[in-house]
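Spelled out from the first residue to the last, the chains are:
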Amino acid sequence: GAVVSQHPSRVICKSGTSVKIECRSLDFQATTMFWYRQFPKKSLMLMATSNEGSKATYEQGVEKDKFLINHASLTLSTLTVTSAHPEDSSFYICSARVDRGWVQETQYFGPGTRLLVL
Amino acid sequence: AQTVTQSQPEMSVQEAETVTLSCTYDTSESDYYLFWYKQPPSRQMILVIRQEAYKQQNATENRFSVNFQKAAKSFSLKISDSQLGDAAMYFCAYRNYGGSQGNLIFGKGTKLSVKP
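So the protein sequences, as listed, match chains A and B. Residue numbering for the first sequence follows the working numbering, starting at 1 and increasing by one per position. Residue numbering for the second sequence follows the working numbering, starting at 1001 and increasing by one per position.
It is worth saying that the hints were derived from the structure and are not from the lab. Take the hints with a grain of salt, since some may be wrong.
[Unchecked claim] Derived pair list, reagent style SDA-like, types lysine to any residue, alpha-carbon separation capped at 25 Å: (1) A:K66 <-> B:V1114; (2) B:K1078 <-> A:E105; (3) A:K42 <-> B:N1058; (4) B:K1108 <-> A:P40; (5) A:K42 <-> B:V1114; (6) A:K41 <-> B:S1042; (7) A:K41 <-> B:K1108; (8) A:K42 <-> A:V117; (9) A:K41 <-> B:K1111; (10) A:K41 <-> B:R1043; (11) B:K1111 <-> A:K66; (12) A:K41 <-> B:E1029; (13) B:K1108 <-> A:V19; (14) B:K1108 <-> A:F39; (15) A:K42 <-> B:P1041; (16) A:K42 <-> B:A1071; (17) B:K1073 <-> A:K66; (18) A:K42 <-> B:S1022; (19) B:K1108 <-> A:T57.
[Claimed, not checked] If you want a taste of the chain A side facing chain B, the calculated C-beta under 10 Å gives, among others: (20) G16; (21) K42; (22) Y58; (23) G61; (24) V117.
Heads up, the beta-carbon is just placed ideally off N, CA and C, and yes, glycines get one too.
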């Protein structure tokens, strides 16, 4: 199957700093990328959807000025958590999918990034 | 809006036995996809199996098979010959067919334990 990588796998930062998480599709070009947040023992919560070259679409309740998403190319999307606070500590997962016209292919997931804000 | 319900927060199975995980969903659409994803302790989401709603035949992948009942909006996962490596969280997911904004809708998950 297709491979999606994330970097870093875990990061610890001080409150008030910004953190960037990278998501790459390694062996395919992703038309659409997704960012999820997962709390312990909970399901995945979609934060935003992005298409290459266009602005991300954020889910209701997600602050777009706090969680900056850049989908610069068909193989790279970044999530920047700006002015991070302890409540932003969580597990962040990216996902990538190829859309061929009206048909959507399977969605593949990265290994996730654990963020701890002190 | 579409919803996905997994009514079993936790399940347990003996190694080499068979277990079935339940999933129901609600939608007014006729064309859609259904998925089962596995999330082991590493937390890497892994696609287990995928079903297109227009296909009457149940999808199978080696020891994994589904029982897709479209009229009942039910999509259960059967794991045969369970192995220790099957222990994980299993998420059922729904996605509309077509369009650029079809997002996965996840259930709350079922934690599967496999006893040796």
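Where does the structure disagree with the numbered hints, that is, which hint numbers, in rising order? 1, 3, 11, 12, 13, 16, 17, 20, 22, 23, 24
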